[in-house]
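There are 2 protein chains.
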Amino acid sequence: MGCSSRINDIQPFHVMALLARAKELEAEGKDIVHMEIGEPDFPTPAPIVEAGIAAISAGDVHYTPAVGLTELREAISTFYQTRYNVSISSNRVVITPGASGALMLALGVIMQEGDEVLLADPGYPCNRNFVRFLSGKTRSISVDASTGYQLTLKHLKENWKPNTSAVIVASPSNPTGTLLAKDELVAMALFIKEQGAYLIVDEIYHGLVYDVEYDTALNLYEHRDIDENIIVINSFSKYFNMTGWRLGWVVAPEKLVKDMDKLAQNIFLAAPTPAQYAALAAFNEETISILEKHKEEFKQRRDFLLPKLKELGFKIEVEPQGAFYIYANCEKFSKDSYKFAYDLLENIGVAITPGKDFGSNKADTFVRFAYTTSIDRLAEGVKRLNNYLN
Amino acid sequence: MGCSSRINDIQPFHVMALLARAKELEAEGKDIVHMEIGEPDFPTPAPIVEAGIAAISAGDVHYTPAVGLTELREAISTFYQTRYNVSISSNRVVITPGASGALMLALGVIMQEGDEVLLADPGYPCNRNFVRFLSGKTRSISVDASTGYQLTLKHLKENWKPNTSAVIVASPSNPTGTLLAKDELVAMALFIKEQGAYLIVDEIYHGLVYDVEYDTALNLYEHRDIDENIIVINSFSKYFNMTGWRLGWVVAPEKLVKDMDKLAQNIFLAAPTPAQYAALAAFNEETISILEKHKEEFKQRRDFLLPKLKELGFKIEVEPQGAFYIYANCEKFSKDSYKFAYDLLENIGVAITPGKDFGSNKADTFVRFAYTTSIDRLAEGVKRLNNYLN
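The listed protein sequences derive, respectively, from chains A and B. Position one of the first sequence corresponds to residue 1 (our numbering), numbered consecutively onward. Position one of the second sequence corresponds to residue 1 (our numbering), numbered consecutively onward.
In isolation and in its complexed conformation, chain A is listed as follows:
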């Protein structure tokens, strides 16, 4: 009594302990190259900052409607039109406290206790913990380079149960940075719709995709009614550099919005008001031009780091096309990536994330590098790795 088993089933982020150790070392005067952090190192663009300050100064700090400011829902709707050439009614857009709030609403309205949710391993660890938190069951499906670390229709068919109520995919994916091919997305979405279940698509790294064409899962023109069973999650954290503001959104089928509104009223009342007003400036020309420069910088970092890691002896079988992560096989150096990550931290001051934060599928031979620091610092990290490993 008085202690929830759901808590025991939820793993902490191992990287948090590693980060704490990195900070201890820094406090002792050691220089640490941070390649473990999943947060853009760029400041929030000035127009967003200014809009936030203007709103606070004007006293716009009261509760908004639970589904968010109407103007922001409309701005997001317009953004889908401008960027993806797809028409999404602003009524389908619900503003949330981060993508976390979006996933909470999505799972909260579609998942019964005990239902199964399918997701890829490796994958973002919060996703499976959310399912557990809401008393669902996750079925983690091991994915590898052969499918670009993404789920496929074949995976779904092999793992489908009568009580499977949702599938979560991410494109680009964390930790692999890989995209989901559109034909596979369509095939999965059609199958999921046939089963009367839902496809949740995490698009929080949209905007940070390099060299290749990509699209939102809301834009499956030729199969318009798939939308009825697709929920897209997004966030102002990554592309828009607004992490600490805690703002995201969900685009849901119209039939779910009323329930999401009711749930939002109860579980978080509304997303933070200063962040919502600030985000009204997120889509203007000046902001987008700043963000595109940040994106270009991320691309340059990826193009720098990726070949260097390969030269060092890390095996990277699938080119990461987006986000700011490289998921690298480290078995040439260690069969215990957790110990390996601590070795690198203690011996050469290089911080990376061990594979086990993303699941259990070959996690011991993988690590994640984040290029959320400057090329100079990445180069310093590579130099240290080279001296130490080779």
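Simulated from the structure, these hints should not be mistaken for lab results. For each residue, glycine too, the CB sits at the ideal point set by N, CA and C. Treat the hints with care, as some may be off.
Stated by the list, open to error - In silico lysine-lysine, DSSO-like type, Cα no more than 30 Å apart, as pairs: (1) A:255 x B:23; (2) A:339 x B:258; (3) A:255 x B:137; (4) A:137 x A:157.
Said to hold, decoys possible - Quick list of simulated restraints, FRET-style, between CB atoms: (5) A:16 x B:362: 48 to 56 Å; (6) A:89 x B:154: 48 to 56 Å; (7) B:311 x A:16: 57 to 65 Å; (8) A:183 x B:336: 55 to 63 Å; (9) B:86 x A:315: 55 to 63 Å; (10) A:186 x B:335: 55 to 63 Å; (11) A:70 x B:161: 43 to 51 Å; (12) B:54 x A:307: 38 to 46 Å; (13) A:255 x B:30: 27 to 35 Å; (14) A:254 x B:43: 31 to 39 Å.
Mind docking chain B on chain A? Use the hints.
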């Protein structure tokens, strides 16, 4: 498949539909006296606003630790010392996105699926919906004027089950504004501790208590180890006038903090950063002096409205001592308080909240008045009520 029964079990706030209708009437040019809104009408005090703006300008908009900024946890610890003369380690303070986030963490770590949680009816509706959201069961206990609309040890003993894992009380309470007597609190806390369960005390209206002495449930000196089974929830929304910033906190027994940290990492990452920096200015002398003036204004409104409502014929058996609500029996005018609320809105432009938003215990003969508007407006509302009802 694909639709959660938890959603069907969660009631929307009826007042939201009423508020929407009130706004329609306003758009048509009607004048509405708002006595339905549970949000202070005062602006966020200037020092808090300035601290928020300074932080945003300085680029302090990145993720904070999941449990919140260390300085803010320390400031809250100091506040307990200053205001209540009780020593609370800052390690026990976890910063959350509003009191909603605090309740989510509290229930998340202590409640198993299927556990029962005891709470008072009438009471704040989100509380029971949170329990349902996390797959627990609520046992609503009808309370009345004889216990000041608060739970008692006798209630707990009569309703306790082997799977009762928590009791939620609120002092001051929403909708009744009544306080929990300290001797009853101690008796309940001791009993709950014996059962190995938890007492969750909602203190979000602390600071807004008029004329009487009161204390935090963390200050049961003579029974210090009760703290091991008490979780206190608080918020910057009400007393501190920071609703839209979305910031609250929980004070938990030290043994639960690690699990709350883990859960916070997963379900909301951290509370909004601008709000956390802003709140660092919430406890300084200048801010407190502003807040105490707001409190005095609330007290004057209560002292104005309470006798007027009685004169009109509403029955108010227990003097509300805090918050900004008066829970009034309206059976002299109607046995259907929901219809009554709409009648008042449509016919005389007075908006109040029907009892059924707070439970089902005699809800049809109660309404809640909120004095979150000026005395002039309250007087206008009283005048209209008098003309219409008498």
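Status of each hint after checking the structure:
Among the hinted pairs, residue 255 of chain A with residue 23 of chain B is consistent with the structure: their alpha-carbon atoms are about 24 Å apart, no more than 30 Å. Restraint check for residue 339 of chain A and residue 258 of chain B: satisfied, since their Cα atoms lie roughly 23 Å apart, inside the 30 Å limit. A hinted pair counts as satisfied when its Cα atoms are at most 30 Å apart, and residue 255 of chain A with residue 137 of chain B qualifies at roughly 27 Å. With a C-alpha separation of about 17 Å, the suggested pairing of residue 137 of chain A with residue 157 of chain A holds against the 30 Å cut-off.
Remark: the range hint 48 to 56 Å for residue 16 of chain A to residue 362 of chain B is upheld by a beta-carbon distance near 49 Å. A hinted range of 48 to 56 Å holds for the C-beta pair residue 89 of chain A and residue 154 of chain B, which are about 54 Å apart. The beta-carbon spacing between residue 311 of chain B and residue 16 of chain A, approximately 60 Å, falls within the hinted interval of 57 to 65 Å. Range check, residue 183 of chain A to residue 336 of chain B: Cβ separation about 58 Å, and the 55 to 63 Å hint holds.
Checked against the given bound of 55 to 63 Å, the beta carbons of residue 86 of chain B and residue 315 of chain A, roughly 57 Å apart, stay inside it. Between residue 186 of chain A and residue 335 of chain B, the C-beta spacing of about 57 Å keeps the proposed range 55 to 63 Å intact. Distance hint for residue 70 of chain A and residue 161 of chain B: a CB-CB separation of about 45 Å, consistent with the stated range 43 to 51 Å. Checked against the hint of 38 to 46 Å, the C-beta distance between residue 54 of chain B and residue 307 of chain A comes to roughly 43 Å, which is consistent with it.
The hinted range of 27 to 35 Å is satisfied by residue 255 of chain A and residue 30 of chain B, whose Cβ atoms lie roughly 33 Å apart. Here the CB-CB span from residue 254 of chain A to residue 43 of chain B is close to 36 Å, well matched to the stated 31 to 39 Å.
In this structure, every one of the numbered hints holds.
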